[in-house]
Amino acid sequence: MRNVSSETTAHPALIFWIVAGWVGFCLLPWYGVEDGFFSFEWLVDGYPFDEDYAPAAFLIGQGEKLWLTPLLIPLIISLFALGRKKSDPLYAKILIASGALGFGWLIAQGFGIGIRGYNYEWLTALFGDLGDRQFGMGYGALLLASAYLFLFTQGIAARGAINGDVFVVSAIGGVIVIVTVFVFFPIAKMLLAAFITEEGGYSASVFASKFFDDRLWGLGCLSGGRCGAAWNSLFLAITVGILTTVLGLVFALVVTRSGFRYKRALRALTVLPIITPPFVIGLALILLFGLSGSVTQFFADLFGVQPTRWLYGMPGVLIAQTLAFTPIAFLVLIGVVEGVSPSMEEAAQTLRANRWQTFRTVSLPLMRPGLANAFLLGFIESMADFGNPLVLGGNFDVLSTEIFFAIVGAQYDQGRAAVLAMVLLFFTLSAFYAQRMWLGKKSYTTVSGKGDAGVHPLMPNGLAIPVFIAAITWGLFTVVVYGMILYGSVVELWGVNNTLTFKHYVTAFSVRFEETGIRWTGAAWDSFWTTIYIAAAAAPLTAIVGLITAYLLTRQSFAGKNAFEFGTMLSFAIPGTVIGVSYILAFNVPPIEITGTGIILIVSFIFRNMPVGVRAGIASMSQLDKSLDESSLTLGANSWQTFRRVILPLLKPAILAALVYSFVRAMTAISAVIFLVSAEYDMATSYIIGRVENNDYGLAIAYSTTLIFVMLAAVGLLQLLVGRTQIGRRTQFGAKEQT
Amino acid sequence: MKRLSTLALTSIVALTAGVSAAQADKLTLYCSAQEDWCQLMARSFEDATGIDVNMTRKSSGETFAQIKAESSNPRGDVWWGGTGDPHLQAAEENLTMAYVSPMRDQLHDWAISQATSAGDKTIGIYSGALGYGYNTELLAANNLPEPSCWKDLLKPEYKGHVQMANPNSSGTAYTTLASMVQLFGEDEGFEFMKGLHANINQYTKSGSAPIRAAGRGENTIGIVFMHDAVKQAVSGFPVKVVAPCEGTGYEIGSMSIIDGARNEDEAKKFYDWALSTDAQNLALEVNAFQVPSNKGADTSPSAPDMSTITLIDYDFKTYGSSAERKRLLQKWDEDVSTLPQ
Amino acid sequence: MSETLIASKAAPVRFESVTKSFGRDVVAVDNIDLHVEAGKLVTLLGPSGCGKTTTLRMIAGLEMATSGRILIGDRDVTTLPATDRDVSMVFQSYALFPHMSVLENVSYGLTFSGFSKTETRDRALAGLELVGLKGFDARLPSELSGGQQQRVAVARALVLEPQVLLFDEPLSNLDAKLRRQVREDIRAIQQDLGLTVVYVTHDQEEALAVSDEIVVMRNASIAQIGTPRSLYDAPVDRFVADFIGEANILPCTIEGVADDMATISIEGYKHTLPARGLAPGEAKLAVRPSRLVIGAQDGFKAKIAKATYVGVRMEYTLEASFGSMFAVHDDVDTPLEVGSDVTVGFSQKGPVLLPEA
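Protein chains in written order, with the numbering used here: chain A, 1 to 739; chain B, 1 to 341; chain C, 1 to 357.
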């Protein structure tokens, strides 16, 4: 609007999406191309007349799939918006009508007509047998759907919603649609299963009988027996949440507020567990503390006691999860701890608070958003964790493994899995709301546009000593665990035959050089490359979606914002197992048919890991004063430019966190993956589990070790690429400019 | 529907780099045996026929869940390996299709009876007997006698030394439960399970976990299929395999063609090939110690000698049905698992 | 009521050969001696990077001197941390705690000073009243305007009755109109309570308006210390002359010195003024724009190069043979034409010889 010419000529975004719509309708193959769109084989294989590859326009032209014809009408309607002024009320009406009609019909025909003709009996009853069918939508449909969606949002914006900001309205619309499609839709499909009886009907009593189950809610552990999985999960998650938050804070404090010499080493150590494939930490812990573990044996000999299986159950899972999730808390907290304005702390000091009082009354309360986020993440991660309880759980049942075995075990009880998933979801969502209540409406904004000159004080001594002890103990523990892992990959047979050998690496990663080039002869290469592809593709997408969402949540207000936030956090609260099965249920049939492709893996990673991007983004953004972007807006930039030029650069730590986290999670995730991998797209973790099941510990650990190094390299590379934000501040040990 | 447009473009370019160009015959194989065996089967079939094989390895439970979820639009063609129960279950739910292979006359009777009990929708490819294994070092360290019968495991000195999988989550453990019921009769079988319960230190989720734990020294005695125990011993772990004196039950590893397979012809080719001696002899290359279903196939010298094991007449039809399974599991849940240990 | 509750324990501040260096190379404050009398408002004035903020932070205890001694009252505080010094500070960004209400912010320091709960509350409320924020106690800082936030910051520092109160550019985030009012308020409170205040600013007008004494700093050391008037009227060098108000630096010749009075000449125009210890010869003369008399009977020749009307006066840029100068004139009704020739003289008091070469 600032640009005067946009009043009279069409907005570029409008032209772009109208053109995109026509391209989607007339040029791109309408249905999914089975051999992959980007192989472009379809171009030489009968396109555009072959039914499999034909664009919608050609299909209709040949008299096929005539139910696609109505899609043309809104496309034509949208043309009337061109040449009209934005302020013209008709402009908005045209776009809204075109977008809503087109999008609505696209969905209606997609769900109405499937691979067996009409999907609903009443349609057949109404129109008779269709005698035709359709498969999953492809890029043509995707592009047209996007076009309708963004025409619609532009219409809404033109009516003045959110200050008429096209970028914000489109972003909200886009996020809502993708979250609906990839989170709510599959979950709804899954949860419906909770009410399905064996005969296929729906019944609430089925749900009740599965819900009020003693295996779920039993309190036997209070009287020496076993407790239900729900209580176990809850207790474990709370403990893990607290422990990881405290430890994360400890590391963040050591790194930012101490003169500790080996900060970098400590930082690297805290990152290690996060880049470790599942099962490996568990195996290492077993080797250290199990019945025949070296530490157990040592103490048993020393004190002459019988070694026990104490590790299996709650203690083992607790140790492994704390080890694994502390880095997440650290990543969240480091930004927040650094973000607390030094002048706040200096002010407290000049107001006669000593260092401990300063920390307690000022620093700590200002870190509350970070602490709450860290706890929430630890809680949810623990709830959803699957690998550690599987290896170390013993008889300590938790919801996530129960869900997995309800689906894949001898029970084959999807309904029970769905009920368990609902309980899990209830817990995680309660934690989410408890966190919001605790933070309340107080302000924690500390970085403002005003130049701050000051340094973070060192930790008070009373705090520093326990903090150092905790950090160093933990650091040593981590070193030992990883030493074991490295060692395990170069011995013949872990724990039995300790002859050094590289044969596991050779088996997994051998290459042969031939005239035709390199031949990847190692057993692990296939899954390795797939994993790298998928992780590299998912990471930036996750960061983008996550940060845009965080921006909308912190910087824009719109109706239904709470529901919006809930929706974006939902996928994180659902264990991967459920996501995996629900994705198969939802995306195996048209209109979206992406099982067995790499896309489904990428999509599942994006939506599983997006909440971390959102959380990190929110935590950082709520510390950046709103006046910063307001000032940018008043300087003539629009929302998108503000986001890109002002918010984004200040968010580098959050971006890095999101990128690193999603890349790493894509490489180490297992629970959802195990359902979604296919012959063509097998992932490293599912391959490793196969080896573990098959006793190939050496190979599994060698592969895991390799993955750890690959991820370390990737994390380092990302650090370099993204760089670190320089907030103009004095440092403790050398001053820059003074005022 | 999805607004991946801008997002997906960049990523999928990267993905499709690996897509092969050739448009050859292909087969999607769901494999529920051990990884290297699956790999070997897939590659060998490719070599033998020139048909491209897309192979995914998952446990039989996971594969069953996947096939069920995909039933309205099947992705897989053939499902090879894994214990027989989920195959029977799939047959019961019409997830797999009937096929009578010309190779049948070369097979053992037990393999064919598996097929007939499921209306030809599945067939036996190998079998394995139930038993247990123990860690010799731990047994010695704890001064325990060497067990040789099922009922030996009930002795109080083994308290906290025995591990088995949870029948609710593991087919192996369900086979154990069903075998005990068939071996001792239902009442005595459950008494046995109750007695065993007192000595159990952990019900694992996965069927072969007890013997893997025994191999690593994390457990003394694990109730598993004997070929899994043999595998531990051959891998170098101090594990001794026991064929219980009272006799024992067994599983039949099975193979099924998925109903609505996209590559039905190739699936049948694989089916026939997998029943041949050549294909079944491949097991020996990957330390799979099950007994092959082709009469002419070789048996490993390390494998448990089936002639010395007393096998019960396992009733797969009855005990593989979901109704009986549900009944036994519920009874086990109520009468056994709630007892104090 | 407030007067009875909040009093002053003003104490003098003394710097003895204090040096502060960061790392090995950066010397922020170079061997300065400074004495701030009890009950006085002393301003540290200077351009960015001159070391004034570092000096202030050393008084607060937020930076530790590398060498030298710092005394507050009779106490050597050189190595004491901020917490243990009886000093409080108003920050440039105010540094109000965003998670506490206004009352909690103001009470904050009191809770660590051994006051009872009721006394803490009474004092805090008195402090708020003193800065004119009665009734705002339950608000959060984010619900206040910039000027109000500033007052909260002042109240928070005041209620502790510090021996020394420090201000770090307290007005820089306020608009011009508010700035004048707030600085008058600060000065009034300081004088009413008899506080010792050290005040950092880079705004010379602000410094002149509020200070009992101004310390002009340059390149990590002190350029000149004096009352506003003495600095304005008798800058020791060109830097001070130029930094405190505007000054025209003109070349002149000292023709003779008698009884500490020098007679100078510029293009034949003669003027007598204090010699400030200079001997006859070439010298530099600093003349404030208002002390140039345009159209004087006696003077040197110059040409009007630029004329600007700014409401209350006219501003002229004059070109003489030895350079250009800037002058103001109160007569706005009959402005002089650009290009016209004028005779420029000095008013009787005003021009000052600069002792440096």
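Among the hints, erroneous ones may be present.
Claimed, not checked - In the DSS-like style, the derived pairs of lysine-lysine whose C-alpha atoms are separated by at most 27 Å in a straight line are:
| id | chain 1 | residue 1 | chain 2 | residue 2 |
| --- | --- | --- | --- | --- |
| 1 | C | Lys177 | C | Lys9 |
| 2 | B | Lys326 | A | Lys210 |
| 3 | B | Lys155 | A | Lys210 |
| 4 | B | Lys68 | A | Lys189 |
| 5 | A | Lys210 | B | Lys68 |
| 6 | B | Lys159 | A | Lys210 |
To be verified - If you want the ones that stay clear, here's a sample from chain B, every Cβ over 12 Å from chain A, calculated:
| id | residue |
| --- | --- |
| 7 | Pro74 |
| 8 | Ala141 |
| 9 | Phe184 |
| 10 | Leu282 |
| 11 | Ser307 |
Quick caveat, the hints were computed from the structure, so don't treat them as lab data. All C-beta atoms in this analysis are idealised placements derived from N, C-alpha and C, irrespective of residue type, glycine included.
Hints, verified against the model:
In summary, the hint linking lysine 177 (chain C) to lysine 9 (chain C) is not supported, as the alpha carbons are separated by about 32 Å, beyond the 27 Å threshold. Between the alpha carbons of lysine 326 (chain B) and lysine 210 (chain A) the distance comes to roughly 14 Å, so the proposed pair stays at or under 27 Å and holds. Between lysine 155 (chain B) and lysine 210 (chain A), the direct Cα distance comes to roughly 36 Å. Violation of the 27 Å bound is thereby established for this hinted pair. Distance hint between lysine 68 (chain B) and lysine 189 (chain A) is fulfilled; the C-alpha atoms sit about 15 Å from each other, no more than 27 Å.
Note on lysine 210 (chain A) and lysine 68 (chain B): the hinted pairing holds, with a Cα-Cα distance of about 21 Å set against a maximum of 27 Å. As the CA atoms of lysine 159 (chain B) and lysine 210 (chain A) are separated by approximately 33 Å, the hinted pair breaks the 27 Å bound. The Cβ of proline 74 (chain B) sits about 9 Å from the closest Cβ of chain A, inside the 12 Å cut-off, so the non-interface label is violated. At roughly 9 Å, the least C-beta separation between alanine 141 (chain B) and chain A is not larger than 12 Å, which violates its mark as non-interface.
In this structure phenylalanine 184 (chain B) is separated from chain A by more than 12 Å, as the shortest Cβ-Cβ distance comes to about 21 Å. Separation of leucine 282 (chain B) from chain A is adequate, the least Cβ-Cβ distance of about 15 Å exceeding the 12 Å criterion. Serine 307 (chain B), annotated as away from the interface, keeps every beta carbon of chain A farther than 12 Å; the closest lies near 27 Å.
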